[in-house]
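Colleague: Work the whole structure out from these sequences, hints included.
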Amino acid sequence: MWLLLQLTILTGLAHYSSALKYRFVPENDDIFSACPNQPKNVLDLNGLFDLSEIQFNLASGFVMVSGNVTSVWNIQPSDRIEVSLELQRFDRGEWIKTIRSINVFNFCAVLYDENQYWYKFWTKNVVNSKDVKSKCLSPGTKLVHEMFKVDMTFDLSGPSMNGLHKVVFRYKAINAMQHERDTSICLEILGEMSRI
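For what it's worth, this note's numbering labels the leading residue of the sequence shown as 1, then goes sequentially.
Source of the hints: derived by calculation from the structure; they are not laboratory data.
Note that the structure is predicted; figures quoted are calculated from it, not measured.
Hints may contain errors.
Claimed, not checked - Restricting the straight-line Cα-Cα distance to at most 25 Å, the calculated cross-link-like pairs of lysine-lysine (BS3-like) are:
| # | residue 1 | residue 2 |
| --- | --- | --- |
| 1 | Lys-172 | Lys-124 |
| 2 | Lys-97 | Lys-172 |
| 3 | Lys-97 | Lys-21 |
| 4 | Lys-21 | Lys-166 |
| 5 | Lys-40 | Lys-166 |
| 6 | Lys-21 | Lys-142 |
| 7 | Lys-142 | Lys-124 |
| 8 | Lys-21 | Lys-40 |
| 9 | Lys-21 | Lys-120 |
Claimed, not checked - Beta-carbon label-pair distances, calculated as ranges:
| # | residue 1 | residue 2 | range |
| --- | --- | --- | --- |
| 10 | Phe-90 | Glu-53 | 29 to 35 Å |
| 11 | Thr-70 | Lys-124 | 16 to 22 Å |
| 12 | Asp-131 | His-179 | 26 to 32 Å |
| 13 | Leu-85 | Ser-129 | 18 to 24 Å |
| 14 | Gly-163 | Ser-60 | 19 to 25 Å |
| 15 | Asp-131 | Arg-92 | 47 to 53 Å |
| 16 | Leu-156 | Glu-53 | 29 to 35 Å |
| 17 | Gln-38 | Asp-155 | 30 to 36 Å |
| 18 | Leu-156 | Asp-29 | 23 to 29 Å |
| 19 | Lys-133 | Lys-40 | 28 to 34 Å |
| 20 | Ile-99 | Glu-53 | 19 to 25 Å |
Ideal Cβ positions, reconstructed from N, Cα and C, are used throughout, including at glycine.
Modeller: Below you can see the structure in the form of structure tokens.
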């Protein structure tokens with residue numbers, strides 16, 4: 001009996017510990033959308049960057065990105081940026097938080113860190129990273145991108161992740177007195193997660 005229980009537990013753990021490949025395909029051609037039902041001081045992607053020089057194109061499940069963005073968020077160079085990313089799934093008519101989330105106390109310190117998720121998908125393609133690394137997201141900072149394809153493929157373990165999901169990004173600027181700035185940023189990417 002004890003052996004049967006151990007085998008059952010090991011089989012269950014193996015199921016949850018073995019990672020499966022999933023692809024996240026955005027639903028909207030604009031890729032990013034504003035977080036719904038936010039107060040006026042919570043800005044969207046247009047409050048973070050001037051997007052007039054960049055294009056996002058959704059093609060065959062991938063996002064093609066070309067052009068540049070310039071930071072327009074009204075913060076100070078000495079501010080610390082806190083970022084949270086949260087994966088939510090749509091279940092029975094409502095958005096449910098999953099256990100997958102990332103909270104970054106000092107985003108600027110790791111913006112160009114090769115071990116971070118966003119490096120793989122975004123900042124490794126910033127060709128002027130050496131010039132802008134110390135500026136982070138200060139107003140006027142222009143990030144020049146080489147054209148790149150975003151392949152949102154992940155190795156995930158645990159229960160099935162198939163279905164409609166969204167990734168919610170929240171940015172907060174904290175001043176030298178450890179007070180949050182008046183404005184923050186919230187944006188999301190809505191898409192379908194499928195096992196591949």
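Colleague: Run every hint past the structure and note whether it holds.
Modeller: Here's how the hints hold up against the structure:
1. Lys-172 to Lys-124: holds, 23 Å
2. Lys-97 to Lys-172: holds, 20 Å
3. Lys-97 to Lys-21: Satisfied, since the Cα-Cα distance of roughly 20 Å is no more than 25 Å.
4. Lys-21 to Lys-166: holds, 17 Å
5. Lys-40 to Lys-166: holds, 22 Å
6. Lys-21 to Lys-142: Violated, at about 34 Å.
7. Lys-142 to Lys-124: Holds - the C-alpha atoms of Lys-124 and Lys-142 are around 15 Å apart, at most 25 Å.
8. Lys-21 to Lys-40: violated, 38 Å
9. Lys-21 to Lys-120: Cα-Cα ~16 Å, so holds.
10. Phe-90 to Glu-53: 29 to 35 Å: holds, 33 Å
11. Thr-70 to Lys-124: 16 to 22 Å: Given a distance of about 19 Å, which is inside 16 to 22 Å, the answer is holds.
12. Asp-131 to His-179: 26 to 32 Å: holds, 30 Å
13. Leu-85 to Ser-129: 18 to 24 Å: Because 21 Å falls inside the window, the suggested range holds.
14. Gly-163 to Ser-60: 19 to 25 Å: holds, 20 Å
15. Asp-131 to Arg-92: 47 to 53 Å: Given about 49 Å between the Cβ atoms, the range holds.
16. Leu-156 to Glu-53: 29 to 35 Å: holds, 34 Å
17. Gln-38 to Asp-155: 30 to 36 Å: Taking Cβ atoms as reference, Gln-38 and Asp-155 lie about 32 Å apart, which means the hint holds.
18. Leu-156 to Asp-29: 23 to 29 Å: holds, 26 Å
19. Lys-133 to Lys-40: 28 to 34 Å: holds, 32 Å
20. Ile-99 to Glu-53: 19 to 25 Å: violated, 37 Å
Hint compliance for this structure: hints 6, 8, 20 are not met, and every other hint is.
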